[in-house]
Amino acid sequence: MSSSQRPNQLFRNLNAKVASIPMILTALVVFVGGTAWTVLYSFTNSKLLPRLTFVGLDQYHRLWATPRWLVSIENLLIYGVISLVFSLVIGFILAALLDQKIRFEDTFRTIFLYPFALSFIVTGLVWQWLLNPDFGIQRVVRDLGWTSFSFDPLYNSSIVIYGISIAALWQGTGLVMCLMLAGLRGIDEDIWKAARVDGIPMWKTYLFIVIPMMRPVFITTLVIIAAGIVKVYDLVVAQTSGGPGIASEVPAKYVYDYMFFAQNLGQGFAASTMMLLSVVIVIVPWAYLEFGGRKRG
Amino acid sequence: MVDIASLSTSPEALRRDGAGPSGPKPRHVLSRRNIFLYGTLVVVALYYLLPLYVMIVTSLKGMPEIRLGNIFSPPMEITFEPWVKAWATACTGLNCDGLSRGFWNSVRITVPSVILSIAIASVNGYALANWRFKGADSFFIILIVGAFIPYQVMIYPIVIILREIGIYGTLTGLVIVHSIFGMPILTLLFRNYFTSMPEELFRAARVDGAGFWGIYLRIMLPMSLPIFVVAIILQVTGIWNDFLFGVVYTRPDTYPMTVQLNNIVNSVQGVKEYNVNMAATILTGLVPLIVYFISGKLFVRGIAAGAVKG
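Going down the list, the sequences are from chains A and B.
Number 288 in the working numbering belongs to position 288 of the first sequence; there are no gaps in the numbering.
Just so we're on the same page, the working numbering is the position in the second sequence counted from 1, plus 1000.
Chain A with its partners taken away, still in its complex shape (with noise of 0.2 Å):
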């Protein structure tokens, strides 16, 4: 495309630039407008309507203050762990048995993997159903016999979150297993000769072999897991509805609620802004090691 006279500077290329209307719309209005918004108007006391009357920090003083916001953080913290620690290592212990050269592999993986296809409200209903006192496991095994059993997480505020954390790794683990599995396929054949060539056992090979040199599937992994932790919402709306009582709240339904029922915007958008500030504490330092050291030309 030599004919670079001046005028048209702008012109050349048109059809490309018009078929990039909406990327270019959704990435400057939705994602950079949207956000700028939300955070701009976190520092005003909308309540209704947006209005721009700027309170400063405010709204950030009383979110840090009310103890529905307190505990959606730390059931989002005990949630983030739990999750992030069992997927990985459930993920990959599954996806090392299934590396073992078996039968029937991709009858296990379709198993591992279909509750990944399911929606996080057909997730928490089902398990709200299991673990239903009254007619799920817990009356189940009370009437093998074992009468004092007690399984309620659901309806027991101090370990509500855990109850959800199940539904949660059942639906997911399946995913990071399928990404694990990619990561062991993708080890050469001959570190695992070598290994066995020196009679180092299979789990040590695992251990300090194998998963070193597995570092960028597991940040990747660690990023998705990341990502999805801070945007739970559907799954305690199905599950419990973020109670008994507040014991199962989360950020994302705080700022639900306060955004569509409570009808105080200006709380919305601070616990919204605390949100994009979370995930901004997990992506940047992954993106900084990712790309920052080898920009590509």
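Watch out, some of these pointers could steer you wrong.
To be verified - Calculated lysine-lysine pairs in the DSSO-like style (CA-CA distance at most 30 Å, straight line):
no.	chain 1	residue 1	chain 2	residue 2
1	B	K1297	A	K231
2	B	K1134	A	K17
3	B	K1297	A	K101
4	B	K1085	B	K1272
5	A	K193	B	K1297
6	A	K231	A	K47
7	A	K101	A	K204
8	A	K193	A	K204
9	A	K101	A	K193
Said to hold, decoys possible - Pair ranges (Cβ atoms, derived):
no.	chain 1	residue 1	chain 2	residue 2	range
10	A	S158	B	K1272	19 to 29 Å
11	A	F260	B	F1080	30 to 40 Å
12	B	G1062	A	L25	50 to 60 Å
13	A	P216	B	L1094	49 to 59 Å
14	A	E74	B	C1091	31 to 41 Å
15	B	T1079	A	S157	31 to 41 Å
Claimed, not checked - Where chain A lies over chain B, by a calculated footprint (3+ residues, C-beta under 8 Å):
no.	stretch
16	1057-1071
17	1127-1135
18	1156-1163
19	1173-1187
20	1205-1217
21	1275-1289
Everything labelled a hint here was simulated from the structure, so no lab data went into it.
Yeah, the Cβ is synthetic: ideal placement off N, Cα and C, and Gly gets one too.
Use these hints to put chain B onto chain A, whose structure you have.
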């Protein structure tokens, strides 16, 4: 194919299974290793299947049997009444026409959203791969970074935009929202795919005088059907399973299936009918499950593509 594609079933992995005299290691079928290996896998598989089994079993029982028996026992008397009720007469608020309303709403949301989002993203990806203009990459980076922003941050500004245009609460509005939030991952998917296609193809078409749309429609589109299938799988399951956007951007009579399901099951009034609830839950999960079981490896490729950056 794409480098993404090699993730799920890489050629090495396939070759490794067949080839290589891996030494005279006698394989007893019932070695301790095998018992442990398959034993663990079977137990875990049972655990994963259990909820699905309980769902199906519960939905086929009558309420008296549910109150008496345990949730794992198969139904003594199979009844399809809960399924009929869940589909046709279960109540949410004032509407008593069952989940069928939500089902058709979801169809009317999913079909146009999938078509629109894929049309936009594939053209975007094509422009980014073959027709770069100044600044295109910056927009693309913003788009990808934007994929990590929690939706909650952008929900309300979008409400305002849609209200200004006058489509807040309509299915059109929701379709646009789905297209917006599907854009980052799909654009990435298509961009990487088109970039991996041979450059000569594009050049030859240019020499023959084909333009932007001509090359897209006559060369790129027919050659990239697999990636379109992956994108369709990704979008159908994703949009069908969406709850947050449905609840924010639609009104009760246009609620998608997931929202209606949640309202039916978690409604406070009336006697809880667990069999109807479970039938409704299966019905809602059926579409993505069918997509999953039919698409098989392509689904895995789709989520790997969605998960791993190119």
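Against the structure, the hints:
1. B/K1297 x A/K231: holds, 27 Å
2. B/K1134 x A/K17: holds, 10 Å
3. B/K1297 x A/K101: Since the Cα atoms of B/K1297 and A/K101 sit roughly 18 Å apart, the hinted pair holds (cutoff 30 Å).
4. B/K1085 x B/K1272: holds, 13 Å
5. A/K193 x B/K1297: holds, 29 Å
6. A/K231 x A/K47: holds, 24 Å
7. A/K101 x A/K204: holds, 19 Å
8. A/K193 x A/K204: holds, 14 Å
9. A/K101 x A/K193: Given pair A/K101, A/K193 holds - Cα atoms ~15 Å apart, limit 30 Å.
10. A/S158 x B/K1272: 19 to 29 Å: Since A/S158 and B/K1272 have Cβ atoms about 25 Å apart, the given range 19 to 29 Å holds.
11. A/F260 x B/F1080: 30 to 40 Å: holds, 38 Å
12. B/G1062 x A/L25: 50 to 60 Å: holds, 54 Å
13. A/P216 x B/L1094: 49 to 59 Å: holds, 53 Å
14. A/E74 x B/C1091: 31 to 41 Å: For B/C1091 against A/E74, whose Cβ atoms are near 37 Å apart, the range 31 to 41 Å holds.
15. B/T1079 x A/S157: 31 to 41 Å: holds, 37 Å
16. 1057-1071: Coverage by chain A holds for the stretch 1057-1071 of chain B (5 residues, Cβ < 8 Å).
17. 1127-1135: With 5 residues close enough to chain A, the hint holds.
18. 1156-1163: n = 5 at 8 Å, threshold three: holds.
19. 1173-1187: This one holds; 4 residues, not fewer than the three required, reach chain A with a Cβ under 8 Å.
20. 1205-1217: Satisfied; 3 residues make the cut.
21. 1275-1289: Satisfied; 7 residues make the cut.
In this structure, none of the earlier numbered hints is contradicted; all agree with it.
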